[in-house]
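Chains as they are written, first to last, in the working numbering: chain A, 4 to 559; chain B, 2 to 217.
Some clues are possibly wrong.
What the hints assert, rightly or not - To be clear about the criterion: a stretch of chain A counts as covered by chain B if any three or more of its residues have a C-beta under 8 Å from a C-beta of chain B, and this derived list gives those stretches:
#: 1; segment: 177 to 191
#: 2; segment: 455 to 461
#: 3; segment: 470 to 478
#: 4; segment: 535 to 546
To be verified - Label-pair ranges, simulated between beta-carbon atoms:
#: 5; chain 1: B; residue 1: G131; chain 2: A; residue 2: A52; range: 48 to 56 Å
#: 6; chain 1: B; residue 1: G140; chain 2: A; residue 2: R503; range: 42 to 50 Å
#: 7; chain 1: A; residue 1: A134; chain 2: B; residue 2: A53; range: 24 to 32 Å
Bear in mind the hints are in silico, worked out from the structure with no lab data behind them.
Just so you know, even glycine gets a beta-carbon here, dropped at the ideal spot from N, CA and C.
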Amino acid sequence: MLTCCLWCPDWPVVAARRRDPSCSGAPLVVRERVGSREVVRAASAEARAEGVVAGMRRREAEARCPGAVVVDADLPGEARAFEAVARAVERITPRLELERPGLLSFPTRGPSRYFGGDEALAGRVHEAVAAVLDLGEGPVPVRIGIAGGRFAARLAARRADPIHVVATRDTATFLAPWPVAVLGDPDLAQLLVRLGLPTLGAFAALDPDAVAARFGAEGRRLHALAGGGEEALPVLTEPPPDLVEDQELDPPAARVDAAAFAAKALADRLVERLADRGLACTRVVIEAETEHGEHLSRCWRHDGAFTPGALAERVRWQLDGWLAANRPVLDGGEAASPSERQDALGLAEGGLDSTTGALTRLRLVPDEVVPAAGRQLGFWGGDQAAADRADRVLTRVQGMLGYDAVVTAVPQGGRTPSERARWVPWGEPREPERPLVAGGEAAAWPGAVPPPSPAQVFDPPLPAELLDADGRPVVVTGRGDASGAPAHLRCPALPRSGGRLSGWAGPWLHDVRWWDPSARHRRVVWQVVVEPDPGQAVACLVVVERGTAAVEAIYD
Amino acid sequence: MLAGERLLPVPGPLGALLPGGGVQRGSVVMLDGPPGSGATSVALQLVAAATAAGEWAAAIDPDGTLGGAAAGEAGVVLDRFAVVRGVPASRWTTVAGALLDGVALVVAELRGRLAAGDARRLTARARERGAVLVAVAGGPAVWPAEAGLRLHVGHGAWPGFGPQSACLASRSTEVHAEGRGARRRGRLDALVAVAGIPPPSEAIAGQPRGERARQC
Numbered sequence: 004m005l006t007c008c009l010w011c012p013d014w015p016v017v018a019a020r021r022r023d024p025s026c027s028g029a030p031l032v033v034r035e036r037v038g039s040r041e042v043v044r045a046a047s048a049e050a051r052a053e054g055v056v057a058g059m060r061r062r063e064a065e066a067r068c069p070g071a072v073v074v075d076a077d078l079p080g081e082a083r084a085f086e087a088v089a090r091a092v093e094r095i096t097p098r099l100e101l102e103r104p105g106l107l108s109f110p111t112r113g114p115s116r117y118f119g120g121d122e123a124l125a126g127r128v129h130e131a132v133a134a135v136l137d138l139g140e141g142p143v144p145v146r147i148g149i150a151g152g153r154f155a156a157r158l159a160a161r162r163a164d165p166i167h168v169v170a171t172r173d174t175a176t177f178l179a180p181w182p183v184a185v186l187g188d189p190d191l192a193q194l195l196v197r198l199g200l201p202t203l204g205a206f207a208a209l210d211p212d213a214v215a216a217r218f219g220a221e222g223r224r225l226h227a228l229a230g231g232g233e234e235a236l237p238v239l240t241e242p243p244p245d246l247v248e249d250q251e252l253d254p255p256a257a258r259v260d261a262a263a264f265a266a267k268a269l270a271d272r273l274v275e276r277l278a279d280r281g282l283a284c285t286r287v288v289i290e291a292e293t294e295h296g297e298h299l300s301r302c303w304r305h306d307g308a309f310t311p312g313a314l315a316e317r318v319r320w321q322l323d324g325w326l327a328a329n330r331p332v333l334d335g336g337e338a339a340s341p342s343e344r345q346d347a348l349g350l351a352e353g354g355l356d357s358t359t360g361a362l363t364r365l366r367l368v369p370d371e372v373v374p375a376a377g378r379q380l381g382f383w384g385g386d387q388a389a390a391d392r393a394d395r396v397l398t399r400v401q402g403m404l405g406y407d408a409v410v411t412a413v414p415q416g417g418r419t420p421s422e423r424a425r426w427v428p429w430g431e432p433r434e435p436e437r438p439l440v441a442g443g444e445a446a447a448w449p450g451a452v453p454p455p456s457p458a459q460v461f462d463p464p465l466p467a468e469l470l471d472a473d474g475r476p477v478v479v480t481g482r483g484d485a486s487g488a489p490a491h492l493r494c495p496a497l498p499r500s501g502g503r504l505s506g507w508a509g510p511w512l513h514d515v516r517w518w519d520p521s522a523r524h525r526r527v528v529w530q531v532v533v534e535p536d537p538g539q540a541v542a543c544l545v546v547v548e549r550g551t552a553a554v555e556a557i558y559d
Numbered sequence: 002m003l004a005g006e007r008l009l010p011v012p013g014p015l016g017a018l019l020p021g022g023g024v025q026r027g028s029v030v031m032l033d034g035p036p037g038s039g040a041t042s043v044a045l046q047l048v049a050a051a052t053a054a055g056e057w058a059a060a061i062d063p064d065g066t067l068g069g070a071a072a073g074e075a076g077v078v079l080d081r082f083a084v085v086r087g088v089p090a091s092r093w094t095t096v097a098g099a100l101l102d103g104v105a106l107v108v109a110e111l112r113g114r115l116a117a118g119d120a121r122r123l124t125a126r127a128r129e130r131g132a133v134l135v136a137v138a139g140g141p142a143v144w145p146a147e148a149g150l151r152l153h154v155g156h157g158a159w160p161g162f163g164p165q166s167a168c169l170a171s172r173s174t175e176v177h178a179e180g181r182g183a184r185r186r187g188r189l190d191a192l193v194a195v196a197g198i199p200p201p202s203e204a205i206a207g208q209p210r211g212e213r214a215r216q217c
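Chain A extracted, bound-state conformation (with noise of 0.2 Å):
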């Protein structure tokens, strides 16, 4: 049976272009962060003509290609740009599956006999996302292919150009010259190529059973796929009809953030539920309805079985999606008429488009399940099976104590230690307040207090008092004179509530916020080391502000 493919190359280039129009001239790089560098995540045509290639480092990057701009990768603004190409395909054929943003395909039986013909649908496709897209002069980044098999089907897209239609009897022919690589597996890519099979065509000539007791079940079905077999999964189950998981918002959700901890725990639901039954789930549609009554659904796909995680990304994007027309303002920041919001989402087309209400529920029905003992791919290059069970531990006890209580650090810019880190619920996207690094190099905080950071920081801070050599209380200047040498420490918090202090740096003066009248506040900052009995030092950040000092952190 033949499937369509979709394909936007480097999507994320085009969905950058629509969201910031004046970077539409000059060669585009997405960069985002893997592990501690910054890699290219996609880059445009122009760039890619200087040899910029993704996956490789930003510095290489900017080296190849001096005037590209740099970007920062959006994976919730990709998905919800995708949403409108989505609602596209979707007003001539309702099955379609979302595999990520810039990838979606559909079965062509029907489409295909209603509008005459593969070469007909795929027209009639690509005429519709253009129309959405809508990006003036210039090739349309769009790629159709049908093949037989979701596989073959993404391959033809890749060759397309920008339409490439292969019939099914020809599938296999088409796929034979294609390298080992494009399965997915390198490992046994490699080891294929070393045994004298480079292309697919020379590993689908072996004997099945040989290919299954050398290279095991995966190897079997990737044997499959590379003959132009469908994506046959070893048993495929028709999916338990109780085993959808519903949630009803009360009060509607009018964006995402309220329904994010739902989303979450319907997800984790799910996957635990299926789990037991010894489940796992590669297809799952998510529904949602408004408070008018209307019904949205959007069937997603994984590569692989969903993770908890997985599934509860792919559920905030789609609310992302179908949330971002309730949003009052632009990014411009001005507020916008109805027809404005849907002009800069692109749809061209007015109608039942645009989401009219609020999120009243929100319900997963998984389409497809496979059984659970198959395919774990990893992820982010880290132990998959421990970064689950963390996750599972993690909620458990975000259930118990509130969703507060799990947080984990993000380290920002900042001039003081309580500055320098935010603490993030377990679950939420990992953001800093204030970047670290803009415009391509370390953001100057003037007047930060220099590392080591203290290992105790104390919001509020402590009360306290920092007394001179005389019991007077240190008082800083504008300027930044210091009314005497500090020489006490008394704070209740510690031991012997203080004491005299053998040491003492500083100060450094913080203005914060100055040009903001209402919101501008000055500070002092000391290091200081006292010493409560002979013997023993403890170090503290003092903080004076308005005259009222506190201590804000500890270096224990």
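Position chain B against the provided structure of chain A, taking the given hints into account.
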């Protein structure tokens, strides 16, 4: 499991103190020290050792005072380190037991009196799961059961920091390690220096930085 796999290696001068160069998985480490001595920094170094090995770690921080920037500087991979705050004393044992199920290392600040039975149950859970429980005692709170390794952090000093210094730069911490070690038995003293950015005006040569181990 091989003996080598059961050890969580701890790099740096702290690891040189520990028997085998690391912490045994499935054991309990008791860590204590007077406030301001550096016990929290030692705990963060253990967390860094666990996350550097690719595993997850968690901390029970009832008062919410753990410094995130300090964790990052100690080498902790912040993606794999979670902090649990606002734990009431009545649920401390439940939360600690739940965390031991899922992560490889748990740093738990003791609050109030812990029953000996609860401590033994947590020890058994840690052994069963192969996780490390670092019990940080402070003041009146103690760990009322057996511990495979006891680390006492003594009074620290900030050498070279006097009136009108440029900033806090280097520190020396006294750590005593006691436990059933493979080769070293008894107490070991070492000076573990945690160096920051050296002040530009101070002479570095001649300052006792780095590790100096004296066996007693």
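Quick rundown of the hints versus the structure:
1. Against chain B, the segment 177 to 191 of chain A contributes 0 residues with a C-beta closer than 8 Å to a partner C-beta. That does not satisfy the three-residue criterion, and the hint is violated.
2. Chain B is given as covering the segment 455 to 461 of chain A, and this holds because 7 residues of the stretch bring a CB closer than 8 Å to a CB of that chain, at least three being needed.
3. Restraint check on the segment 470 to 478 of chain A versus chain B: 0 residues with Cβ-Cβ distances below 8 Å, three needed, restraint violated.
4. Look at the segment 535 to 546 of chain A against chain B: 6 of its residues bring a Cβ nearer than 8 Å to a Cβ of that chain, three or more, so the hint holds.
5. With their beta carbons about 53 Å apart, B:G131 and A:A52 fall inside the hinted range of 48 to 56 Å.
6. A hinted range of 42 to 50 Å for the beta carbons of B:G140 and A:R503 is inconsistent with their spacing of about 23 Å.
7. Separation of A:A134 from B:A53 is about 52 Å and departs from the stated range, judged on CB atoms against 24 to 32 Å.
The structure is inconsistent with the numbered hints 1, 3, 6, 7, although it conforms to all the rest.
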